[in-house]
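So the chains spell out like this:
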Amino acid sequence: MPIRRTATAALLAGSLALTACGSSDPAPAAPGTPTEISVSLFGTFGYDEVGLFKEYEAANPGITIRYESTQGEDKYWPALQTRLASGSGVADVQGIEVARIADVVQNQADLWTDLRDTPANDAVGRYIDWKEKAATTPDGAVLGLGTDIGPMGICYRSDLLQQAGLPTDPAQLSAQMPDWNGFLALGEKFQAAAPAGAAWHDSAGGLYNAIISTQQQIYYDASGNLVYASNPAVRQAFDTAAKAGQAGLTAKLEQFLDPGWDQGFGSGRFATIACPSWMIGYIKGKAGEAGAGKWNVTSLPGGAGGNWGGSYMGIPASSPHKEEAAKLITWLTAPEQQAKVFAKVGNFPSTTQAITEVSGATDPYFNGAPIGQIFSKSATSAPVQILGPQDGVVKNAMTQALLAVETGGATPDVAWADAGKKIDNQVG
Amino acid sequence: MLIETRAAAPPLDVPAAGEPLPPAAGAPRRRSWRSRLHAAEARTAPYAYVAPFFAIFLAFGLFPLIYTAWISLHRYRLGSRMSWIGLDNYVWLFSNPSFYNALWKTITIGVLSTVPQLAIALGLAHLLNYKLRGRTFLRVAMLMPYATSVAAATLVFALIFGRDAGLVNGLLGAVGIDPVDWRNGDWTAQIAISVIVIWRWTGYNALIYLAGMQSIPADLYKAAAMDGANRWQQFLHVTLPGLRPTILFTIVVSTIGASQLFGEPLLFGGGQANGGPANQYQTLGLFMYQQGWQFGQLGRAATVAWVMFLLIIALVLLNAWVARRRTER
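Each protein sequence line maps, in turn, to chains A and B. Each residue of the first sequence is one higher than the one before, counting from 1 in the UniProt record's numbering. Each residue of the second sequence is one higher than the one before, counting from 1 in the UniProt record's numbering.
Heads up, a few of these hints could be off.
Stated by the list, open to error - Here are some, though not all, of the chain B residues that point toward chain A, as calculated from beta-carbon distances under 8 Å:
#	residue
1	W70
2	H74
3	L78
4	G79
5	S80
6	N96
7	G123
8	L124
9	A141
10	R163
11	D178
12	P179
13	G269
14	G270
15	A278
16	F295
Said to hold, decoys possible - What the simulated footprint calls covered on chain A by chain B, stretch by stretch (three residues with Cβ under 8 Å from a Cβ of chain B suffice, anywhere in the stretch; the number is not a length):
#	region
17	36-49
18	105-117
19	165-173
20	249-256
21	292-303
22	338-347
Said to hold, decoys possible - Heads up, incomplete: computed chain A residues facing chain B, CB under 10 Å, no partners named:
#	residue
23	P195
24	G197
25	L226
26	V227
27	P259
28	G260
29	N396
30	L402
By construction, these hints were calculated from the structure, which means they are not laboratory data. Built from N, CA and C at the ideal position, the CB exists for glycine as well.
Based on the sequences and whatever the hints tell you, model everything.
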């Protein structure tokens, strides 16, 4: 280990001498010098839960890791932005949600470290195709290493489906929904024979997000123009979700924000839900022990691949420990560690090797569903989504508009027009 | 505030240098014997006493106020630099239907919460003003909601107003009314939020009224009772006129509070600043927060903040004007 470290230090010194830039960075810590690396993340990345920070400290004497996590990403990001702007208070390693990565790449390249100049450079090639592309600037600078991704499936309550006389086997169910219209038709069938108080799907917004997750071009085109209004895929997804909401196929529960949504997992208020891989852990947490064996997972209608969510870790340009931080994130995102995190908290790996490794995984909570196979298939067949800096604003306006439709506040056309006005007002 | 007025009072007793001494006053002659240092201290000490307040007010009151105005004249996105755009943010704001929506919602929720709140508080205070058994306990109990954190109270109320398993819908169901989707409806959500505000602030206002009522001489009640006035008539003709200044004070304070309403609608919506799918309970406070921290538009958020500030000043002036007219009449 000491030999390698000296070698990289020498290499770095060499590259510094070559570029001959008057960098103000302090010299990399000498081997054995105690170094504290601060890591600031949001939600559940799973590293602390799996004990990876302790493992890394044990394997690297002299390194201590100071870890903090903010529960909500919507609180985490603004706080990070103010610190980045003031240049103080940022951690050596910061989490970046996929919805923010386009903003980072397009507007903040100078605030983050180009990982090509660090030991993390070796890790860039080990991801599935699109993951690192999204974190790379047009000049080729890589600003983050991928952690997890959110390949899509449909989670469903097999007990409710059985009561309504629908197939409960994932393969049979999947065969009955060749596309999203098939999914809605199945919903009509369910609704006709469903137990009282149970809706086919949780929310129109969730359905919309699932449909749109299979698209390559969503809100922006390849040259960075906002095209949501003219993109037929967006309008189609919106109309399909609105139709489901108007037909009473949804439980009208706003995802994550309505306390009734959380309760619905256990109480059986809805039979299906769009299921990015990270939802697996969420369902277990909300439905609890009593829900074990009631849930199952199948692929998206027509076996389409899609992605919803996932994250990166980057190193702010002001970090004094770039070298050590880069080594840490390289290790944390290595295939072996990603597989461990998936086994414990369900965050799906983004490196090709780890995806292959977990493809045989099954989950007893979900009736032994082959979650590894379902999600790895979805991940590898997912399109390379074009991301944009204002994706979050547009997405929020869409899901709000759909909530207004399903709760009877607006017709789809009015809601669509309102959403458009809000977006223009905000993004312009 | 009391401390400052007291500290500032002494210099008035000290005649300024060069001023002719009042002939009858014996004290000033003795005062001239004092050392100059002592006199200087007497003159400057009050300012030293009030200095901390003004220093803190400058740092945390005046400076942010002026800097916010400065920011509002810029395009300032979170994570980038400020660039001067003059009054563009104000043009954007006043041509934005979302702003008028938020303004309107602030008014409707304000009325829905303030009017019942003050009416109930007045009634409660009137009842507590009589000799009741366990009066102290009742007075303390009334203040409990005020001592509860907004976050805790709102989260509990969000569950109480839940559509599927909420207490309110359970009670409505018991009398045969269909479940109401409180959080997604327009007026229903506003009513639910108003209930939280009313629950939290009624006791506080009732205590203020109670204090005001106790300064009304008991003789007046006795005299009224002797004339055959019942409790309701006593309330109308003795309590209400006696309480007028107190009522005006609570109206001013509640109006300012209502125009800044933020925590309740934010947490009722699950921590999102949308204020419901159709922004049906997005107050000005939420609108400002959404601009700044959800959309990262600090310049626009600063603009909203300044317009809110001016609105509140206008409200206070209006209140003062109404109050002056009433007392003059």
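Ascending list of hint numbers which this structure does not respect
Per hint list: 1, 2, 7, 8, 9, 11, 12, 17, 19, 21, 22, 23, 25, 26 violated.
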